[in-house]
Amino acid sequence: MGGLRLSAWAAAPSPCPSSATARGFPRSPSDWRGLRGRRGRSRCAPSSPPSASPALSLGAAGRLRVGADREWLWDCRGGGLGGGGGGKKDYAKEMEAAVRVVQVACTLCQRVQDSLLLADPGSGSGGVHSKLDRSPVTVADWGVQATVSWLLSDCFGDENVSIVAEEDDKTLSSSDGTALLESVVAAVNGCLVEAPKYGLRSPEKDLGPHDVLQAIRKCSSTGGPKGRFWVLDPVDGTLGFVRGDQYAIALALIEDGEVVLGVLGCPNYPMKKEWLNYHQRYYRLMSKVAPPTSGSWNKGCVMYAHKGCGQAWMQPLVHDFGMLSWHNSREVQVSSVSDPVSATFCEPVEKANSSHSFTAGLAHSVGLRNQPLRVYSMVKYAAIARGDAEIFMKFARAGYKEKIWDHAAGVVIIQEAGGVVTDAGGCPLDFSRGVYLEGLDRGIIACSGALLHWRILQAVDASWNSSTL
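If you're matching positions, the sequence shown starts at 1 in the UniProt record's numbering and goes up one per residue.
Since the hints were made in silico from the structure, they are not lab data. Check the hints yourself; a few may be wrong.
[Unchecked claim] Derived pair list, reagent style SDA-like, types lysine to any residue, alpha-carbon separation capped at 20 Å:
(1) Lys-401 with Asp-441
(2) Lys-89 with Asn-160
(3) Lys-218 with Asn-160
Given only the sequences and the hints, what does the whole structure look like? Please build it.
In structure tokens form, the structure reads like this:
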């Protein structure tokens, strides 16, 4: 086996119910450091990647093939869930397909976002709509869901794909949704026709409105403790998306209640940390003044991880870089910062579903002095996995329930990059109980290191009774 990993435990000095001590969970900061020291680093990288992006297809035995002559291999030595042995399942074909599919989804989103930002505000065309809960939704939300649904079904067979996703087709199917549906269909076909560039297969002919609605409707699984299902947030952070700022496409695979792989597409996540301090509109303006050279990997990335491998990876967007090549992937790791004075914490931009005042109080009590990095969407998870920040805290207001698609992909990426993610009681997030994170203890805490995580847990326990959440 590849050594005891921090991502495999999940307890903290505030033990979970159900006999945490009996399961050998750490009880003090020294225990956490001991675990981290024994973690080890297994190798988990593509082996002999093709220089081009040949199309995916299922071979006669049902194994996902990359082109006609060779396979892409997710090499997870050291006893992870991949080819390292131990009798565990190999998710190589799912990992590869998920990365390629999210790359396609990123392109669709970039095109829709560009059209939104270029639209005349007074034209009334907008492109931003409201759901029943008044949250914004765009062509990209429905378009990505339909695209991902169709591509996954094409890769693995319609009968083998079950998806939990955020959007439904009610608005598009309504009598007032005809024009909107046409826009979604156009966006989907515009990306699917280019699927071979990403190593995927295009449909033989354009999808019609019925095909697109069917693809969206397919994403109606309710999850649960048994079986395999994909979890998709087509545009996480729609408010950031419509404002030209950060957002993410999040895709994860859950089997028997456990997240086994995750992919995060972050089209506006700059490759240099310094750019996170600027609004994306300013970044776009500066890019036009001094355009980056082709292939400079100036912004936009896809991050991915496979549970048990001990590594997380990042590659540039095909849309920006021009082609998908596994040679362009590089490993990402969490920050080594352990002193709260030097740590940076992320929190949601939106105040509706989280408490900035409570997290600010916690930050002060722990000794955090840097200004918080307020970022839309699961880009916060990407920032920690890549070492751009050390802490993410979210404490929802009373009545709000966290959904699994808002966290699944980000959690496994941070854990495999060497970080820690639990609820505020030190327990792992439970993805086995449907579309919501049921049983969540107060909030979610993600950290780059065990000692920082332990300090946050202690501060939460000390401050919670005075909270007005």
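Each hint, compared with the structure:
1. Lys-401 with Asp-441: Holds: Lys-401 and Asp-441 sit about 11 Å apart, inside 20 Å.
2. Lys-89 with Asn-160: holds (16 Å)
3. Lys-218 with Asn-160: Within the cut-off at roughly 12 Å; holds.
Hint compliance for this structure: no hint is broken.
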